[in-house]
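2 protein chains.
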Amino acid sequence: MREVAVIGAGMHRYGVMADKSLVEMGTVAVARALEDANLSWEDIETVYCGTAQGGFANGHQICNAMGLTGLGITNVENASASGSAAFREAVLAVASGAHEIALAMGVDKFPPQPPKTTPRKPAQGPVLWFAELTRNHMAEHGTTIDQLAQVSVKSHYNASLNPYAHFQEAVTLQEVHEARMVADPLTVMHCCPRGSGAAAVVVCSKEVAAQYSEKVNPLVTASVLKSTLPGGDPSTDLTRFTAQIAYEKAGIKSQDLDLIELHDAFTIEEIMFLESLGLCERGQGGKLVEAGVTALDGEYPINSSGGLISVGHPIGPTGVGQIAEILWQMRRECGQRQVVKPVKTAMAHMVGAGGVSIVHLFKAE
Amino acid sequence: MREVAVIGAGMHRYGVMADKSLVEMGTVAVARALEDANLSWEDIETVYCGTAQGGFANGHQICNAMGLTGLGITNVENASASGSAAFREAVLAVASGAHEIALAMGVDKFPPQPPKTTPRKPAQGPVLWFAELTRNHMAEHGTTIDQLAQVSVKSHYNASLNPYAHFQEAVTLQEVHEARMVADPLTVMHCCPRGSGAAAVVVCSKEVAAQYSEKVNPLVTASVLKSTLPGGDPSTDLTRFTAQIAYEKAGIKSQDLDLIELHDAFTIEEIMFLESLGLCERGQGGKLVEAGVTALDGEYPINSSGGLISVGHPIGPTGVGQIAEILWQMRRECGQRQVVKPVKTAMAHMVGAGGVSIVHLFKAE
Numbered sequence: 001m002r003e004v005a006v007i008g009a010g011m012h013r014y015g016v017m018a019d020k021s022l023v024e025m026g027t028v029a030v031a032r033a034l035e036d037a038n039l040s041w042e043d044i045e046t047v048y049c050g051t052a053q054g055g056f057a058n059g060h061q062i063c064n065a066m067g068l069t070g071l072g073i074t075n076v077e078n079a080s081a082s083g084s085a086a087f088r089e090a091v092l093a094v095a096s097g098a099h100e101i102a103l104a105m106g107v108d109k110f111p112p113q114p115p116k117t118t119p120r121k122p123a124q125g126p127v128l129w130f131a132e133l134t135r136n137h138m139a140e141h142g143t144t145i146d147q148l149a150q151v152s153v154k155s156h157y158n159a160s161l162n163p164y165a166h167f168q169e170a171v172t173l174q175e176v177h178e179a180r181m182v183a184d185p186l187t188v189m190h191c192c193p194r195g196s197g198a199a200a201v202v203v204c205s206k207e208v209a210a211q212y213s214e215k216v217n218p219l220v221t222a223s224v225l226k227s228t229l230p231g232g233d234p235s236t237d238l239t240r241f242t243a244q245i246a247y248e249k250a251g252i253k254s255q256d257l258d259l260i261e262l263h264d265a266f267t268i269e270e271i272m273f274l275e276s277l278g279l280c281e282r283g284q285g286g287k288l289v290e291a292g293v294t295a296l297d298g299e300y301p302i303n304s305s306g307g308l309i310s311v312g313h314p315i316g317p318t319g320v321g322q323i324a325e326i327l328w329q330m331r332r333e334c335g336q337r338q339v340v341k342p343v344k345t346a347m348a349h350m351v352g353a354g355g356v357s358i359v360h361l362f363k364a365e
Numbered sequence: 001m002r003e004v005a006v007i008g009a010g011m012h013r014y015g016v017m018a019d020k021s022l023v024e025m026g027t028v029a030v031a032r033a034l035e036d037a038n039l040s041w042e043d044i045e046t047v048y049c050g051t052a053q054g055g056f057a058n059g060h061q062i063c064n065a066m067g068l069t070g071l072g073i074t075n076v077e078n079a080s081a082s083g084s085a086a087f088r089e090a091v092l093a094v095a096s097g098a099h100e101i102a103l104a105m106g107v108d109k110f111p112p113q114p115p116k117t118t119p120r121k122p123a124q125g126p127v128l129w130f131a132e133l134t135r136n137h138m139a140e141h142g143t144t145i146d147q148l149a150q151v152s153v154k155s156h157y158n159a160s161l162n163p164y165a166h167f168q169e170a171v172t173l174q175e176v177h178e179a180r181m182v183a184d185p186l187t188v189m190h191c192c193p194r195g196s197g198a199a200a201v202v203v204c205s206k207e208v209a210a211q212y213s214e215k216v217n218p219l220v221t222a223s224v225l226k227s228t229l230p231g232g233d234p235s236t237d238l239t240r241f242t243a244q245i246a247y248e249k250a251g252i253k254s255q256d257l258d259l260i261e262l263h264d265a266f267t268i269e270e271i272m273f274l275e276s277l278g279l280c281e282r283g284q285g286g287k288l289v290e291a292g293v294t295a296l297d298g299e300y301p302i303n304s305s306g307g308l309i310s311v312g313h314p315i316g317p318t319g320v321g322q323i324a325e326i327l328w329q330m331r332r333e334c335g336q337r338q339v340v341k342p343v344k345t346a347m348a349h350m351v352g353a354g355g356v357s358i359v360h361l362f363k364a365e
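For the record, the sequence lines run as chains A and B.
Start counting the first sequence at 1; every next residue gets the next number (the working numbering).
Start counting the second sequence at 1; every next residue gets the next number (the working numbering).
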């Protein structure tokens, strides 16, 4: 299995984007990724497009708009982890030797069609479920609403420094507490928004990476996708299971991680996944957040991008955008939201409905 | 790049299947593929599911019903070639060394939702386009309506011997001519049906194949996906381009092929693709069909399964079902529809809307 490096990334801002088409967002992200990697469109041999909010041949539409070059395109769907799954296929395409240079993109347009005349009910299912998870965690482990709200405060602060984020304004604990209640105890500021956007990253074999980029080109040291688990919770336990395999593949411990971009569709997830990923004992995640351990200047910075809660969650792009953030953090190109400690080892983590956890580990050479 | 072998396949019959769920069809196909490969569900490390007619987490639904084992699942969409694309990812997963044993499935349920109350217009676009292609081929090359109808007669005959086919009755030239006219000169018997169904194949590294199966385990000698072409027709010229690369990778000539399963959504496609794949000069495809060259006892048997016109085209499964047919033909397990000549070298070919051509080549060891 050949070693694979990430050599460039590009994003289109996440958000409502009512006036932007899928193709417009996608081509902007791809063009920026090519520029970042010092490549031209003709250099890309194969493309994987993560997309999950509907539409047909989304990757093909974008590639056709970029220009007809004889490359191959495959669309990949894995719920919220669609972009992560697209990245994984791009890595396998290079690792196998089938291709030298591959591009993974994620793109989604929400809503894909104009709204129907019959008004939609809000999708309450996930919110009610996560509200219950939150109440249970509070009751069992003494996690406080301040600790939960602190996830949102940190997330919004990081996103306020990220030009691609859906939300770009810092908020206070009080503002999180006083926002519109969605499902007790979760106000709207505990929940990620839905939206549109695009992200793209370029991967190539380690051998040729230096030809294109003289910058830090992180190596992919583990790419683990797990979708079902015999027993256990399909989110936290599946994440624990997936991460453990990834740590073994990469030969690292959770404590080695300098940055984690993780799936925080709701504030409780950052706290629970801190535990599942092995950064603290079960039930202790809230205390880590409260102590500032997950902030940009903390010991284990989490979601320097802003995370799903504030950078946004356009679904297809989300997992690809995480990897863009890791690349730029490793290259120390993140300006005011730069993680303070050197970022040598990092993780991108997503989960998705239907059952999926994807963990990618990266090492800066 | 490790060599990859196909060691088992299973299908659920294609057809209207109004009373069968997606999960029911998918689990039947997967269970049969496992039995064919002498494997249990726990042996499968990763799954790719080709699906294109809608639905959410289709592969996950089927795998969850099969049992929670800790495997990974990714859904793949590439229009009509979705199943072929899923197979390609399974091959790359093994070729890269990331996995030893992978399963590619295709599944689709048509219509995915109950019909709306407003009546649908028939999807005339593709039919009109292929009717025009047909008229042009007839005018330019002297291709006759009898030659075109012969594709359908041969297709229905082969499918009449295939227990998984949508249509299982042989038809005569006269019946093809006298069927309901859809778009001049194409009667409905020149066109593939839409439908539902499922297909699955198991791949593993060449090294371990013999551990599981003492039968012929075809090697994948080329897996080429091309989605755009600078100039040229996105179907026939893209196929020519893709096939040429595949021939070079496998070190063969078109004349070496003992069996081709190709995309014949309309009769004209078998004739045009015979030309694009290099089995005859441009414009001469009709004469090959008329001479019986593409029949089960011909020099270049095409679509021994029945092809899209008669085995059916449930979209997600179609490309996977082609590979099942090639496996069973190479193993000489096809009973009355067994190709007469030994099948040592074979091709599976699909094209898809949005721009895609996928060619897989196989060699019986």
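A portion of the hints provided could be inaccurate.
Over 10 angstroms on every C-beta distance to chain A, these chain B residues come out as not near it, computed from the model [to be verified]:
| no. | residue |
| --- | --- |
| 1 | Q61 |
| 2 | I73 |
| 3 | S160 |
| 4 | P185 |
| 5 | Y212 |
| 6 | P230 |
| 7 | L279 |
Straight-line distance between alpha carbons at most 27 angstroms, and here's what the computed DSSO-like set of lysine-lysine pairs gives [unchecked claim]:
| no. | chain 1 | residue 1 | chain 2 | residue 2 |
| --- | --- | --- | --- | --- |
| 8 | A | K249 | B | K206 |
| 9 | A | K215 | A | K287 |
| 10 | A | K206 | B | K215 |
I should point out that these hints are in silico values taken from the structure, not numbers from a laboratory.
Owing to the predicted nature of the structure, the values given are computational and were not obtained by experimental measurement.
Virtual Cβ for every residue (Gly too), placed ideally from N, Cα, C.
Hint check results:
1. Not every beta carbon of chain A lies more than 10 angstroms from that of Q61 (chain B), the smallest distance being close to 7 angstroms; the non-interface claim is violated.
2. Consistency note on I73 (chain B): stated as away from chain A, yet its beta-carbon is not over 10 angstroms from all of that chain's, at 4 angstroms minimum.
3. The Cβ of S160 (chain B) lies farther than 10 angstroms from every Cβ of chain A, with a closest approach of about 34 angstroms, so its non-interface assignment holds.
4. Even its closest Cβ contact with chain A, about 29 angstroms, leaves P185 (chain B) beyond 10 angstroms, as expected for a residue assigned away from the interface.
5. Residue placement check: Y212 (chain B) keeps its beta carbon more than 10 angstroms from all beta carbons of chain A (closest about 21 angstroms).
6. A beta-carbon of chain A comes within 10 angstroms of the beta-carbon of P230 (chain B); the shortest separation is about 5 angstroms.
7. For L279 (chain B), the requirement that its beta carbon stay farther than 10 angstroms from each beta carbon of chain A is met, with the minimum near 23 angstroms.
8. With a C-alpha separation of about 23 angstroms, the suggested pairing of K249 (chain A) with K206 (chain B) holds against the 27 angstroms cut-off.
9. The straight-line distance between the Cα atoms of K215 (chain A) and K287 (chain A) is roughly 37 angstroms, outside the 27 angstroms bound, and the hint therefore fails.
10. About 39 angstroms separates the Cα atoms of K206 (chain A) and K215 (chain B), which puts this hinted pair outside 27 angstroms; it is violated.
Hints 1, 2, 6, 9, 10 from the list above are not met by this structure, while the remaining hints are.
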